[in-house]
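Chains as they are written, first to last, in this note's numbering: chain R, 4 to 337; chain U, 4 to 337; chain L, 4 to 337; chain C, 4 to 337.
Since the hints were derived computationally from the structure, they do not count as laboratory data. Possibly wrong hints are sitting among the right ones.
It does not matter which identical chain is meant; a pair holds if it fits inside one copy or across any two.
[To be verified] With a cut-off of at most 25 Å between alpha-carbon atoms, the simulated BS3-like pairs for lysine-lysine come out as follows:
id : residue 1 : residue 2
1  : 195       : 278
2  : 46        : 278
3  : 270       : 147
4  : 195       : 147
5  : 270       : 145
6  : 167       : 145
7  : 167       : 278
8  : 270       : 167
9  : 147       : 167
All figures in this text were calculated on a predicted structure; none of them were measured in a lab.
Protein chains: 4
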Amino acid sequence: MLNTLIVGASGYTGAELASYVNRHPHMNITALTVSAQSSDAGKLLSSLHPQLKGIVDLPLQPMSDISEFTQGVDVVFLATAHEVSHDLAPQFLAAGCVVFDLSGAYRVNNAEFYTQYYGFTHQHPDLLDSAVYGLAEWQADKIKQADLIAVPGCYPTAAQLALKPLIDNGLLDLTQWPVINATSGVSGAGRKASLSNSFCEVSLQPYGVFTHRHQPEIASHLGADIIFTPHLGNFPRGILETITCRLQDGVTQQQIAAVYQQAYGDKPLVRLYEKGMPALKNVVGLPFCDIGFAVQGQHLIVVATEDNLLKGAAAQAMQCANIRFGFTETQALI
Amino acid sequence: MLNTLIVGASGYTGAELASYVNRHPHMNITALTVSAQSSDAGKLLSSLHPQLKGIVDLPLQPMSDISEFTQGVDVVFLATAHEVSHDLAPQFLAAGCVVFDLSGAYRVNNAEFYTQYYGFTHQHPDLLDSAVYGLAEWQADKIKQADLIAVPGCYPTAAQLALKPLIDNGLLDLTQWPVINATSGVSGAGRKASLSNSFCEVSLQPYGVFTHRHQPEIASHLGADIIFTPHLGNFPRGILETITCRLQDGVTQQQIAAVYQQAYGDKPLVRLYEKGMPALKNVVGLPFCDIGFAVQGQHLIVVATEDNLLKGAAAQAMQCANIRFGFTETQALI
Amino acid sequence: MLNTLIVGASGYTGAELASYVNRHPHMNITALTVSAQSSDAGKLLSSLHPQLKGIVDLPLQPMSDISEFTQGVDVVFLATAHEVSHDLAPQFLAAGCVVFDLSGAYRVNNAEFYTQYYGFTHQHPDLLDSAVYGLAEWQADKIKQADLIAVPGCYPTAAQLALKPLIDNGLLDLTQWPVINATSGVSGAGRKASLSNSFCEVSLQPYGVFTHRHQPEIASHLGADIIFTPHLGNFPRGILETITCRLQDGVTQQQIAAVYQQAYGDKPLVRLYEKGMPALKNVVGLPFCDIGFAVQGQHLIVVATEDNLLKGAAAQAMQCANIRFGFTETQALI
Amino acid sequence: MLNTLIVGASGYTGAELASYVNRHPHMNITALTVSAQSSDAGKLLSSLHPQLKGIVDLPLQPMSDISEFTQGVDVVFLATAHEVSHDLAPQFLAAGCVVFDLSGAYRVNNAEFYTQYYGFTHQHPDLLDSAVYGLAEWQADKIKQADLIAVPGCYPTAAQLALKPLIDNGLLDLTQWPVINATSGVSGAGRKASLSNSFCEVSLQPYGVFTHRHQPEIASHLGADIIFTPHLGNFPRGILETITCRLQDGVTQQQIAAVYQQAYGDKPLVRLYEKGMPALKNVVGLPFCDIGFAVQGQHLIVVATEDNLLKGAAAQAMQCANIRFGFTETQALI
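Let the sequences and hints guide you as you build the complete structure.
Okay, structure coming up:
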């Protein structure tokens with residue numbers, strides 16, 4: 004049994020992580036923590052997320068010094084803000100824990116990136132070097148060896164799973180940048196009071212056009228320029244991305260199907276659609292990324308869906324943990 | 004043309020009032036104001052409520068002293084917090100304005116009520132005496148003479164429109180308290196950042212059970228005890244109330260239909276259902292209260308619906324203004 | 004391993020049953036069937052319910068004669084129309100199967116009931132006698148011996164779980180009928196094309212007032228008259244019931260808490276709220292019934308929530324199966 | 004007063020048209036008709052659309068021969084299926100009516116188009132010649148002279164309003180086809196029973212990828228190739244289109260703002276966003292098309308929103324009628 008600590012457990016992702024660890028046959032929750040300043044400190048996780056009542060009734064403990072919580076801990080999930088993860092990851096690594104960070108703090112091996120897009124100066128370029136980007140279907144070999152896994156963001160997971168097989172196999176004419184039109188549920192903004200996320204204010208609309216920091220995350224890992232336009236959707240959970248690409252001359256539907264099959268045919272958490280297109284509802288509450296596509300002439304449209312809190316966060320983190328520790332990849336997830 | 008001031012115009016009700024006054028052929032907007040401390044001060048109403056872009060593009064002016072805004076003003080709508088209305092109403096009356104207050108500050112002619120349910124000591128018992136409760140279908144004669152009209156709350160409007168004809172005509176056995184089960188859209192909580200109204204947190208649930216201050220407002224004006232159980236619904240606007248009553252022995256469906264017909268047959272903003280039951284969607288965005296009912300033995304179920312922001316607030320305020328100034332009752336509303 | 008047949012597997016409840024059986028360590032799916040006339044015959048379950056893609060990819064087989072499907076089958080779940088269950092249950096019993104019927108065909112031991120409320124003449128009064136009503140928390144001893152378990156309807160499960168401890172312990176003054184105000188998600192109407200369930204037509208509204216057949220099911224099993232008013236809600240899944248009762252003189256909050264504790268303190272699928280009230284979202288996708296209550300004077304308001312497709316259908320059926328075969332009560336459910 | 008006939012009045016668009024005509028000071032409803040075979044024949048419009056109760060309580064009359072309805076009629080709105088409009092338009096023209104057709108039957112002056120995309124052989128190429136495409140902001144001069152106005156489809160209206168100023172002014176590099184990613188509310192599918200539009204089945208998903216017939220309608224009228232990907236959204240009304248284009252070298256944000264200003268600065272039903280982006284909720288129930296945009300390098304993203312039933316159907320039809328008959332363009336609409 005791996006002793007597991009969930010840091011920043013009060014949010015939507017933290018609750019999902021707690022649920023997964025709780026049902027994992029080889030992991031158990033050592034503690035759930037929140038910032039010492041949090042007004043949620045001392046409350047039961049299940050009082051914030053009553054769906055977990057009777058399932059995970061542990062308290063959210065205030066953490067000011069990690070040393071109070073590292074004793075005997077094997078695994079740490081950081082469901083914390085970027086700056087907090089930036090600071091905590093090296094401390095937990097020093098304490099001998101394997102760290103799965105769900106923030107953006109270690110996703111891009113380029114310290115400048117953080118200055119530009121995250122507004123802080125990265126202090127741990129060595130860890131940027133050693134951190135493994137936890138896009139699980141593509142990084143299994145590295146994940147198995149890693150102590151710091153930077154779990155990808157919600158939008159980047161779907162975008163990369165959709166585009167990487169096409170780009171790696173040279174099927175796209177990248178002089179025309181792929182257009183990623185993405186719509187996310189409101190939970191992507193986190194659990195907090197905010198006017199823009201209040202029930203009466205939410206409706207389908209674009210935001211962060213040309214300025215969202217998931218754009219460089221995607222571009223950096225794909226090694227290709229892309230246009231990324233996120234939208235807020237009027238639903239709590241899920242992401243749907245519609246990606247329009249230009250194919251190289253002569254690329255056929257069969258070739259595309261073949262590269263997807265090669266990439267994901269044996270991957271349990273990516274579901275390929277041979278016909279029809281994914282719909283959002285079919286991934287909500289589930290750990291999958293669903294992918295479908297259509298071709299006309301040199302135009303290709305790929306549609307990818309996932310639950311932003313699951314394959315886009317907690318499920319992928321657990322998938323990485325399963326890979327890291329040699330468990331069945333879908334343990335606790337399906 | 005009546006010069007009209009809307010105080011507290013930044014909220015959902017304020018926006019609806021502005022829209023109504025704007026389209027009224029005999030009224031025009033003198034100014035829209037917000038508290039001098041409001042972060043919305045100086046913004047355009049249509050920047051907060053973009054549906055009004057191109058319709059009402061006036062600024063929200065900070066008001067610290069009413070005297071800057073009363074010059075030539077005939078009508079004031081107070082879409083302000085209870086305590087603010089409590090303080091402002093006498094000032095605007097002194098300035099010669101006719102005041103329509105949409106808060107609870109002058110709804111119940113009982114100063115104790117405010118201590119108990121609103122948490123402040125009422126300073127203007129004389130105005131409680133002279134204020135007219137603006138339940139428009141029932142108070143037209145008084146409204147015509149009034150200078151201070153206390154527009155009823157959203158839940159009480161539907162509840163009283165449904166119950167008053169039955170009670171006034173002695174059709175109910177009131178030893179068994181009518182059970183008012185009500186569900187309101189989230190806009191009832193106002194335009195503000197709050198975790199409980201955030202998109203991912205909202206779902207159908209009761210709140211304020213046995214403690215909501217609309218319970219004594221309803222009971223006081225009906226002169227009857229009632230049980231009132233409000234719920235938050237997962238929709239932005241609208242109220243549906245399902246009211247279960249016990250009839251006096253021998254009361255028939257025909258008698259009930261007759262008293263409703265007598266009360267509302269000539270009232271343009273109450274729509275009676277001869278068969279079938281009201282559904283929420285049919286009143287959203289409209290100034291009506293819809294009423295349907297069913298009888299079995301001595302049990303009567305009445306269902307009333309309204310848009311909480313309209314017949315439950317802005318539309319009823321405008322209806323009162325139309326009555327007060329001798330305009331067609333539905334002017335600007337339909 | 005128990006070989007398990009799911010009859011009528013194409014609907015929402017059928018899909019949930021398939022998911023539960025699939026993950027049950029001691030059960031496996033022998034076949035999924037639909038009516039031989041169904042246009043879904045031959046399709047994969049996961050083509051109708053793509054959330055199950057990669058999880059349950061079995062075909063929906065047309066069944067005209069049960070004998071083609073009973074070979075070696077231990078357990079049958081009937082997720083079929085009332086009349087179909089009425090006809091099939093005795094056939095499967097004769098074939099030696101244990102039958103869990105999710106329709107209304109065997110829920111009330113009174114043949115007249117079916118003539119009056121279901122519109123058909125019941126042909127198997129002997130089975131009405133021997134069938135056990137599968138309200139799992141209350142019928143475990145009988146379920147263990149039964150071969151035909153009539154799983155309760157969605158509304159009746161929540162209503163009875165809320166009221167039965169109060170009534171059995173004599174806490175209610177039943178001369179005033181409990182008022183059950185219930186709101187259900189649209190999935191309660193089944194998976195089919197219908198104008199009234201189309202997306203643009205759905206909004207909160209009452210239906211079947213005084214005429215819904217769950218009223219006599221509830222009253223019959225509670226042994227008490229009740230008023231039951233169902234509503235359609237604008238959400239796909241879940242039921243919330245707000246129940247207003249009159250207490251016997253002198254009954255206290257503590258007594259009520261005690262009888263609930265006694266009834267459900269050791270029951271894993273009923274979650275009691277010591278403070279606060281249940282909200283719909285906390286049971287959606289989960290097998291629980293959540294219960295909270297508030298008291299004022301002689302008035303009691305109980306709120307019960309459940310997922311209509313789970314504790315109100317598939318999860319309770321599986322709970323009954325777990326009880327019947329001696330498995331952990333929550334096996335496959337949590 | 005213009006006598007006005009609404010044909011096919013039972014649907015969502017028909018109801019909106021009836022509401023507009025009803026409130027128009029210079030038009031009145033002569034009759035509302037449905038197909039003689041319709042099960043809605045004889046019902047009140049307000050029984051199908053209860054929001055109109057007390058507003059438009061006219062019956063839906065079965066029409067088998069138009070001559071029963073043309074006496075004294077000046078204006079006809081056809082809210083009928085494409086094939087029905089195809090057949091009826093010449094009949095109403097022959098009877099001396101001015102015809103506003105909301106179907107696709109006369110939108111593209113190319114008989115082949117109908118064979119290919121609509122599946123019928125067009126019998127009236129002369130009318131295709133004389134029909135005016137009712138994109139109101141662009142065709143006012145022609146509309147004033149026309150007797151047959153083909154009101155554009157919902158998706159094409161927003162797409163063309165967004166793209167036409169850019170293309171006409173040569174700002175786009177059209178060798179890279181504009182990518183139109185559009186999401187529509189479910190009412191776009193019409194008022195009918197269908198499994199795919201049932202409440203529990205609807206969720207965000209693409210449909211008709213590369214095959215939707217609005218693609219050639221848009222391309223034909225813009226004179227440019229485009230990629231059009233429609234999606235179904237989980238909301239009843241509204242369309243949001245996110246359009247990604249490539250600019251000609253050196254085109255600036257200011258130039259784009261200028262061409263939009265030139266095109267729509269004096270147009271009351273197109274609202275330009277100087278900053279920020281349109282959100283769906285701000286056009287629902289309103290006759291506007293809202294347009295915002297952002298530029299980065301050679302990439303331009305334009306976002307356009309409208310209510311699919313209003314600016315995308317009924318409001319634009321009425322706007323065309325206002326133009327045709329010399330009324331204020333927004334009469335009855337704002």
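Outcome of the hint check:
| no. | hint | in the structure |
| --- | --- | --- |
| 1 | 195 with 278 | between (39 Å within a copy, 23 Å between copies) |
| 2 | 46 with 278 | between (47 Å within a copy, 14 Å between copies) |
| 3 | 270 with 147 | within (16 Å within a copy, 41 Å between copies) |
| 4 | 195 with 147 | neither (35 Å within a copy, 47 Å between copies) |
| 5 | 270 with 145 | within (17 Å within a copy, 45 Å between copies) |
| 6 | 167 with 145 | within (17 Å within a copy, 50 Å between copies) |
| 7 | 167 with 278 | within (20 Å within a copy, 34 Å between copies) |
| 8 | 270 with 167 | within (15 Å within a copy, 45 Å between copies) |
| 9 | 147 with 167 | within (21 Å within a copy, 54 Å between copies) |
Comparing the model with each numbered hint stated earlier shows that hint 4 is the single one that does not hold.
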